[in-house]
Structures are given as C-alpha cells and as structure tokens.
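Protein chains: 4
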Amino acid sequence: MDYAFRLDFKVRDYECDIQGIVNNGVYLNYLEHARHEYLLASGVDFAALAKNSINLVVTRAELDYKTPLRSGDGFWVGLNARQSTTLRFEFLQHIYRSCDGRLVLKAVITGTSINERGRPFVSEEISGLFQRK
Amino acid sequence: MDYAFRLDFKVRDYECDIQGIVNNGVYLNYLEHARHEYLLASGVDFAALAKNSINLVVTRAELDYKTPLRSGDGFWVGLNARQSTTLRFEFLQHIYRSCDGRLVLKAVITGTSINERGRPFVSEEISGLFQRK
Amino acid sequence: MDYAFRLDFKVRDYECDIQGIVNNGVYLNYLEHARHEYLLASGVDFAALAKNSINLVVTRAELDYKTPLRSGDGFWVGLNARQSTTLRFEFLQHIYRSCDGRLVLKAVITGTSINERGRPFVSEEISGLFQRK
Amino acid sequence: MDYAFRLDFKVRDYECDIQGIVNNGVYLNYLEHARHEYLLASGVDFAALAKNSINLVVTRAELDYKTPLRSGDGFWVGLNARQSTTLRFEFLQHIYRSCDGRLVLKAVITGTSINERGRPFVSEEISGLFQRK
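Going line by line, the protein sequences match chains A, B, C and D. No gaps in the numbering here: position 69 of the first sequence is 90 in the numbering used here, and each next residue is one more. No gaps in the numbering here: position 61 of the second sequence is 82 in the numbering used here, and each next residue is one more. No gaps in the numbering here: position 121 of the third sequence is 142 in the numbering used here, and each next residue is one more. No gaps in the numbering here: position 124 of the fourth sequence is 145 in the numbering used here, and each next residue is one more.
There's no promise every hint is true.
The calculated lysine-lysine pairs, modelled on BS3-like cross-linking and capped at a C-alpha distance of 25 angstroms, are [as the list claims (entries may be wrong)]:
id: 1; chain 1: B; residue 1: Lys87; chain 2: A; residue 2: Lys72
id: 2; chain 1: A; residue 1: Lys127; chain 2: A; residue 2: Lys31
id: 3; chain 1: A; residue 1: Lys127; chain 2: A; residue 2: Lys87
id: 4; chain 1: A; residue 1: Lys127; chain 2: B; residue 2: Lys87
id: 5; chain 1: C; residue 1: Lys72; chain 2: B; residue 2: Lys31
id: 6; chain 1: A; residue 1: Lys87; chain 2: B; residue 2: Lys72
id: 7; chain 1: C; residue 1: Lys31; chain 2: B; residue 2: Lys31
id: 8; chain 1: A; residue 1: Lys31; chain 2: A; residue 2: Lys87
id: 9; chain 1: B; residue 1: Lys72; chain 2: C; residue 2: Lys31
id: 10; chain 1: D; residue 1: Lys31; chain 2: D; residue 2: Lys87
id: 11; chain 1: C; residue 1: Lys72; chain 2: A; residue 2: Lys72
id: 12; chain 1: D; residue 1: Lys31; chain 2: D; residue 2: Lys127
id: 13; chain 1: D; residue 1: Lys87; chain 2: C; residue 2: Lys72
id: 14; chain 1: D; residue 1: Lys87; chain 2: A; residue 2: Lys72
id: 15; chain 1: A; residue 1: Lys72; chain 2: D; residue 2: Lys31
id: 16; chain 1: C; residue 1: Lys72; chain 2: B; residue 2: Lys87
id: 17; chain 1: D; residue 1: Lys127; chain 2: C; residue 2: Lys87
id: 18; chain 1: C; residue 1: Lys87; chain 2: B; residue 2: Lys72
id: 19; chain 1: B; residue 1: Lys87; chain 2: B; residue 2: Lys31
id: 20; chain 1: D; residue 1: Lys31; chain 2: A; residue 2: Lys31
id: 21; chain 1: C; residue 1: Lys127; chain 2: C; residue 2: Lys31
id: 22; chain 1: C; residue 1: Lys31; chain 2: C; residue 2: Lys87
id: 23; chain 1: D; residue 1: Lys72; chain 2: A; residue 2: Lys31
id: 24; chain 1: D; residue 1: Lys72; chain 2: A; residue 2: Lys87
id: 25; chain 1: B; residue 1: Lys127; chain 2: B; residue 2: Lys31
id: 26; chain 1: C; residue 1: Lys127; chain 2: C; residue 2: Lys87
id: 27; chain 1: B; residue 1: Lys127; chain 2: A; residue 2: Lys127
id: 28; chain 1: B; residue 1: Lys72; chain 2: D; residue 2: Lys72
id: 29; chain 1: B; residue 1: Lys127; chain 2: B; residue 2: Lys87
id: 30; chain 1: D; residue 1: Lys87; chain 2: D; residue 2: Lys127
id: 31; chain 1: D; residue 1: Lys127; chain 2: C; residue 2: Lys127
Computed spacing ranges between beta-carbons, pair by pair [to be verified]:
id: 32; chain 1: C; residue 1: Ala25; chain 2: B; residue 2: Gly95; range: 16 to 26 angstroms
id: 33; chain 1: C; residue 1: Ser119; chain 2: A; residue 2: Asp66; range: 36 to 46 angstroms
id: 34; chain 1: A; residue 1: Asn136; chain 2: C; residue 2: Ser144; range: 25 to 35 angstroms
id: 35; chain 1: B; residue 1: Leu61; chain 2: A; residue 2: Ala25; range: 39 to 49 angstroms
id: 36; chain 1: B; residue 1: Ser119; chain 2: C; residue 2: Ala25; range: 18 to 28 angstroms
Non-contacting residues of chain D with respect to chain B, defined by C-beta distances greater than 12 angstroms in every case (computed) [stated by the list, open to error]:
id: 37; residue: Met22
id: 38; residue: Asp66
id: 39; residue: Arg103
id: 40; residue: Cys120
In short, the hints are calculated from the structure, not lab data. Quick reminder that beta carbons are idealized off the backbone N, C-alpha and C, glycines included.
Kindly produce the complete structure, drawing on both the sequences and the hints.
Below you can see the structure in the form of structure tokens.
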C-alpha cells in the first residue's frame, strides 16, 4: 500500500506492560505523533493552532490490533488522509514491524477542528491541506 | 442504561495535553483500568494470569469521543460484558462526566485470551465469567 | 509522621512495566496529582493558573525508591509543604503501601511559580498558602 | 562534557501538559529509554534480564530541571555510567535542546540489580559493563 507519509519509531521499554508487550493505549500515542508530524510536514502546526484556540480533536478511533509490539522492536506508521465530510477528516493509519514487515495495527482516526467555543471551525490551512488530497 | 459494573475516577492534570483536555490516548487507560477492576471483582486477576502466561489482549477498540474531560472533572465508567464468539469477549464501556451526567465517550472493546505460544486459550475462570452473563 | 494532606490511590495495571512493578516514572505522576489536589483543597487551582499564564513548575526532584508497588496495591501519598526561599516551595512527599504501611518512596519536590515571560512570579494566593505553614 | 553514549529524541505532543511544556514525569521516561539503549549497545538487554527475573531497578533519582522542552523541540540525552559501590551503579544523564544546545535537565540516577527474591544480585555481564568504565 502507498502512504502519503511514514514515520519510523522504536519501542521504549516503559511503553510495555506486565505482559511484556506494548500496552494497548500506547498505540494511540504513536498514531497521534505520526499525525502531528504529518500535519507539521504539511504546514499545519497542532501546538500553534492550540495556542490560538483552534483545536484539532479526535471524534472517533477504530483500532484493529494484529500483532503485539515488544521491547526492542522497530516499527513504522504509514498514513493517508482525506476529508470525509465538510467538517471531518479521516486518517487511515497502519503500523508495521520493521524487522519483517508484519502488520501490527490498522486504524481509522476521524477528527474535526473546533474553535474556542467548541464549534466546528475548519481554518483555511487545514481545509487546504485536505483538499489537496 | 444499566451496567454490570461501574467505577469512579477523577481527571489527573498530567493526563491533560496542550489543549487543556484529557489526551485521546488516556481514555484507553481509563477503560483498561475499569475492565481489570471488573474482572478482579469477578474473580479474574489480569496480573496473576499474565504471570502464568495467560494473556488477555485487546483485538479491537472502537471509541466515540463525545465530550472532552478537563482538569478537575470527576467521571465514571459503566461496563457491560458478553462473550461475542467462542474466543472473543466484548466490553461495552461508557464514560460519563459526574457533575452533569453528560456522555463523554462510548467504546466497544473486543478481547481474547491467549497462551504462551500466542494461541487462543480460554481458561475455565474466564469462560465461566462470560457464560454467567 | 504527620502530614498536612494525604490522598489514597490504587495501582492501575497500565502503570506497571515489564518487570511487573510500577514504572519509576509513574511515581512522579502520583506525586504531581497529590500536590495538585492539595493545592486545590487549599484554594490554588493549577489549571486555572496555567490558563492565566501563571505556571507552577518543578525545578528539582529527589526520589528515593524503597519498595516497588505492584498490580493490585493500594497506597497513599502523605504531603507537607513549606516555602524554602522567597521564590521556592518545597514539598515533602512520602508514599506508603496501604496493606502494611510499608514505605514505598520518599521525595522532595521543589517548585517555583513563573509568569508568561518565564520570570519568577509568586502570586498572592500562592504566597499566602505557603506563609500559612 | 564528554559522554559515553548519546541518543537523539523529539518531543511528542502527547508528552506536553496543560502548560504547553513536557510534563515533569516524562523526563524519567526519556532518561530510562536512553539508559536501556546504552545498556543494549553494551550487550545488556533489560527486557531479557527481566524475563529471567534479574531486575535492574532505580533506587534513587535526582533531577534538576533547567529549561522546559516544548512541542516541536528536538533534544538529546548524554550519559555516563559508573559503579558507585559494589551493588550500585550511577548514571549521570544530561538533556540538551538540539536547536541551541541549551541545558534542559541534569540527572543522577542510581540503580541496582536484584534477583527473583528481591535480593541484590549483580550478574557477570552487568558487573563487566561497569568495571570497564
């Protein structure tokens, strides 16, 4: 599969739990970091937006866990993005283990952009980003 | 809605991110803790099982974010569980803000139980738990 | 020992690492939550201050780990606070395991208060809090 | 200053808190990851040891916070290690911001190695590592 963006990671031991595998909640951290790096590379700065009270928020996450990551594993996140409705963006994100290319996780993350009063607000730079897809 | 189990929480400030709201990944922590407390109350000890190489793992998570939690918010997790297939358990988990009962998040978490070799293995105590539903 | 404030906790499984014990970094989370709850109970709201660009920050942490916490452990944090210099506050924080009162961790956390430009700034409410000790 | 090991990082947004800076507890995560990567590069595998019930544990941490890291910051951890007593190892760890080399944090982390029964136990590979310094 082709991805618009990919980012390399390595498991950190504090991310693993009693079972010796990466805790299920940590994958949302990996996915968020990959999304924000993608946005940054596309000229959209999550933190700068937050400072101006434009908040990109997740409205829905669907995660399919296929193979657990373990201590020492390298992995990468592949990402594609599209505007699904006027006010919603959809990120398709896949995680692969580096050593053998095995699929680790498939996710669909839906987000929107809201202003200070919690109302949907899609700024020009965000809209431009997704229209380019 | 009636729940088989509920657990009270309070937001901790380190769980909030730049946007001043609980980070989207933290909700999976809340949900896991509620599931493990439910299992423990039902006689199934996640940590003791892990020590014996019986691992309860999440295979799918579906999260719908409705209202963000913020610093100072109390909230509670309501949980219902059922065996969805021979080898899969399904947890329906809802989070509500305590001050006004507002729905914060709806989740369906699917899990299974695997043995040392990564094969599906449903022990008697786990099977008994879900059959009682 | 007498404490000005104490707060009860229970270990959550996602806080434990490969070794089956609470990860060393998580204790700083416990200590922060106890400090913020203490401050809140004393009329100082960390999050509200942050919104007004008054930031309470940690400048030094000394942690002595005595006994590791494990899955299922209840524990409590005892806290005493004092103003150590004009611009510094010191929190003495001890963690005890609930089941047997065993000392888990001793910490001294030093903090200060800074304004928007990163300069030390001790507001009246903060100063009042510590002078009362 | 010369370091026996250094590791590059980039701040991830979920590591930042309400104040828009990396939360004080997260630095212990960075430091742990740097130590484990150093140990691995030196032939000591933390996770493999844990599986064999040889646990490397932190007994004391001293952290001096100098400059907060923020969203987007690159940084690196420099590390030196020495055996401080027969049973204790000491890691001197400094964090620097990449863009301007500014000192972010200074830490001294003391650790020991314990066996299944919680008794101090320094295996040959660990002892060899520190004696080489």
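Arginine 103 of chain D and chain B, when compared Cβ to Cβ, separated by more than 12 angstroms = holds (32 angstroms)
Could you grab the alpha-carbon distance between lysine 72 of chain C and lysine 31 of chain B and see if it respects the 25 angstroms cut-off?
-> Distance of about 20 angstroms is within 25 angstroms: holds.
Between lysine 127 of chain B and lysine 31 of chain B, does the CA-CA distance stay at or below 25 angstroms?
-> Between lysine 127 of chain B and lysine 31 of chain B the Cα gap is close to 18 angstroms, so the pair holds against 25 angstroms.
Regarding the pair lysine 127 of chain A and lysine 87 of chain B, is the alpha-carbon distance no greater than 25 angstroms?
-> holds (22 angstroms)
Hint says 16 to 26 angstroms; check whether the CB-CB distance for alanine 25 of chain C and glycine 95 of chain B agrees.
-> Once the Cβ atoms are compared, 23 angstroms apart, the range 16 to 26 angstroms for glycine 95 of chain B and alanine 25 of chain C holds.
If you draw a straight line from the CA of lysine 127 of chain B to the CA of lysine 127 of chain A, is it 25 angstroms or shorter?
-> Roughly 20 angstroms separates the two Cα atoms, so the pair holds.
Is lysine 87 of chain B close enough to lysine 72 of chain A, meaning Cα to Cα at most 25 angstroms?
-> This hinted pair holds, its Cα atoms lying about 22 angstroms apart.
Checking the smallest CB distance to chain B, is cysteine 120 of chain D really beyond 12 angstroms?
-> holds (19 angstroms)
Restraint status (C-alpha distance of lysine 127 of chain C to lysine 31 of chain C at most 25 angstroms) = holds (18 angstroms)
If you draw a straight line from the CA of lysine 127 of chain A to the CA of lysine 31 of chain A, is it 25 angstroms or shorter?
-> Given that 25 angstroms is the threshold and the Cα spacing comes to 18 angstroms, the pair holds.
Using the beta carbons of leucine 61 of chain B and alanine 25 of chain A, state whether their distance is inside 39 to 49 angstroms or not.
-> holds (43 angstroms)
Hinted pair lysine 87 of chain A and lysine 72 of chain B, Cα distance within 25 angstroms = It holds: about 22 angstroms lies between the C-alpha atoms, which stays within 25 angstroms.
Going down the numbered hints, you'll see the structure goes against none, and every one checks out.
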